[in-house]
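Student: Chain residues, written in single-letter form:
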Amino acid sequence: MPSARFSMLERAPQDDRATEARPVAFRGAGFVPKAGRASGWIALALVIALWQLAGSAGWVNPLFLPAPSAIAVAIYKLAMSGALWQHVSASVVRIGSGWLLGTVAGVIIGFAIGLSTLARGVGITFISALFPIPKIALLPLLILWLGIGEEPKIATIALGVFFSTAISVYSGVDAVPRNLIRMAQSFNVPFHAIVRRVIWPGALPSILAGFRITASVALLLVVSAEMIGAQYGIGAFVLQAGNLMQTDQLLAGVVIMSLFGLAVGRLINMLEAKLLHWR
Amino acid sequence: MDLIADHICHRFGTLDVLDKVSFTVASGEVVAIVGPSGCGKSTLLSILGGLLRPSEGRAELRGAPPADSLNPLTFVFQDFALLPWCTVEANVEFPLAHTALDAAARRAVVDDALRRTGLSDFRGAYPKQLSGGMRQRVGIARALAVRPAILLMDEPLSALDSQTRELLMEDFIGLLADGTMGAVYVTHNLEEAVRLADRIVVLSRRPGRVREIVEIPMTRAERGAIDARGKLLALQNDLWSLIREEAIDAEREVQHA
Chain F
5 MPSARFSMLE RAPQDDRATE ARPVAFRGAG FVPKAGRASG WIALALVIAL WQLAGSAGWV
65 NPLFLPAPSA IAVAIYKLAM SGALWQHVSA SVVRIGSGWL LGTVAGVIIG FAIGLSTLAR
125 GVGITFISAL FPIPKIALLP LLILWLGIGE EPKIATIALG VFFSTAISVY SGVDAVPRNL
185 IRMAQSFNVP FHAIVRRVIW PGALPSILAG FRITASVALL LVVSAEMIGA QYGIGAFVLQ
245 AGNLMQTDQL LAGVVIMSLF GLAVGRLINM LEAKLLHWR
Chain X
225 MDLIADHICH RFGTLDVLDK VSFTVASGEV VAIVGPSGCG KSTLLSILGG LLRPSEGRAE
285 LRGAPPADSL NPLTFVFQDF ALLPWCTVEA NVEFPLAHTA LDAAARRAVV DDALRRTGLS
345 DFRGAYPKQL SGGMRQRVGI ARALAVRPAI LLMDEPLSAL DSQTRELLME DFIGLLADGT
405 MGAVYVTHNL EEAVRLADRI VVLSRRPGRV REIVEIPMTR AERGAIDARG KLLALQNDLW
465 SLIREEAIDA EREVQHA
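As you go down the protein sequences, you meet chains F and X in turn. Residues 5 to 283, numbered by this note's numbering, are exactly what the first sequence covers, in order. Residues 225 to 481, numbered by this note's numbering, are exactly what the second sequence covers, in order.
Keep in mind that the hints were calculated from the coordinates and are not lab data. Check each hint, because a few of them may be wrong.
[As the list claims (entries may be wrong)] Cross-link-like lysine-lysine pairs, in silico, DSS-like; alpha carbons within 27 Å at most: (1) X:Lys352 / F:Lys278; (2) F:Lys38 / F:Lys278; (3) F:Lys38 / X:Lys352.
[Unchecked claim] Examples of chain X residues toward chain F, derived with CB under 7 Å: (4) Leu275; (5) Ala305; (6) Pro308; (7) His322.
As the structure is a prediction and not an experimental result, all values here were calculated from the model. Glycine residues also receive a C-beta, built at the ideal position from the N, C-alpha and C atoms.
Isolated chain F (complex conformation) (with noise of 0.2 Å):
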């Protein structure tokens, strides 16, 4: 402790550690997270070996929550009669649908409010006062307009998909450096070539930053849809399932939605690895 017969401005006399070399003292850890794969597979299998105990000690009730061996035999016995098939294609059919209708229409539309100031003007006022809306809350509409069949489900999931994507979109094209379309115009590089060349890999990123989410977006929509108005497919199952208490089904439903989703974010991490390896 310094004495008091020197002042805040003068220097106390060295001590004996002043005359020994010593280490530096290392002050630069933490704050640089690493992924490690293998701690979250060790904590998913702990959660579900201590749901398992939970559930075959009778600590919990199987009719709230069963035991995750009883949820892999309800998959099993609804794979082997068939039953999973047929809910898990109608589910497909229907995201594949209206992800791809909404994607396509979302892209034009992103590329024509990123390029043109007309479509701008119109286009984001639009979609900023129809963006927010719940599109479940226009499925009975969609109903009335189209009927009682695949098409009001493949457009509520369509129309969902849609805002995202064009949102993603539009962003990704104003993202794209501007000294990027000023070299490629001072080589007199003509416009469609400046979109296809320039402009769309730069916006690459934000636009499947954009299908990741639509993704979620269409799993979401096809459940709540089916929910409403469909004999077959996830959503309509897990409804099902609640209604007469089989939580064993309901929960094999929810894990295969998971499952669904984890297939196609992995698909989507491989569309990136594939388009996007010059990052």
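Mind docking chain X on chain F? Use the hints.
Tutor: Okay, now just chain X, sitting in the frame of chain F:
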């Protein structure tokens, strides 16, 4: 082919940036443009290269460009402007894809441009894998590929460290040595201006006006000699004394903005 700045004025909204700027860049001549920060140097270059429409006046070309020129006025950008998703080779080939050259001719042109800039061994690399100096070399190779009559260089060395600047300056001097290609070289670095230019256009503080046009009384080859260094330094000092006061005012203006 001559490039003429004819009474060019430019305004951004209510801000006057350039005021009646006139000068001529003769065929094969290198003209540097210097001036205080914010005097409109880069704006002037954009107007000369047809990327910006002037508020008044015009940029003109006189005489025919070389027969084999694919893009007579070609930019070299300060930030390189490379396509990050393309390899070095694809970046250099980028401006050729929309010309009449067939694939074999394009390949030959790209090979030649890469060889002249020392990039032959890096053709498969992506921009992110290259140093700043190598990236700018790609920008130069891309510009050479279209055989320009006049290079429009917007502070091409300002983003680079001093050693890389020196190396690229030597490259520029080599490329411009035979006098077949002219250049407009925008810079705030007076040393670069006196080493490279035949004439230096000194712009005033905003709105930029031509304050003086200084001729460099020796060839670029002569400037490499040791006894020329004193003369170049004196020229540099003369230029600095021309713009110093306005540079101080411009800096204060930027700080207060």
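Student: Hints first: check each against the structure and report whether it holds.
Tutor: Hint check results:
Among the hinted pairs, X:Lys352 with F:Lys278 is consistent with the structure: their alpha-carbon atoms are about 17 Å apart, no more than 27 Å. Restraint check: the Cα-Cα separation between F:Lys38 and F:Lys278 comes to about 23 Å, which is no more than 27 Å; the hinted pair holds. For the hint linking F:Lys38 to X:Lys352, the alpha-carbon distance of about 23 Å falls within 27 Å, and the restraint holds. Checking X:Leu275 against chain F by beta carbon gives a least distance of about 6 Å; that is within 7 Å, so the hint holds.
The criterion of a C-beta within 7 Å of any C-beta in chain F is met by X:Ala305, whose closest approach is roughly 4 Å, and the hint holds. Taken as an interface hint, X:Pro308 checks out: its beta carbon lies about 6 Å from the nearest beta carbon of chain F, inside 7 Å. Contact between X:His322 and chain F, as hinted, is supported at the beta carbon level, the nearest pair being about 6 Å apart and thus within 7 Å.
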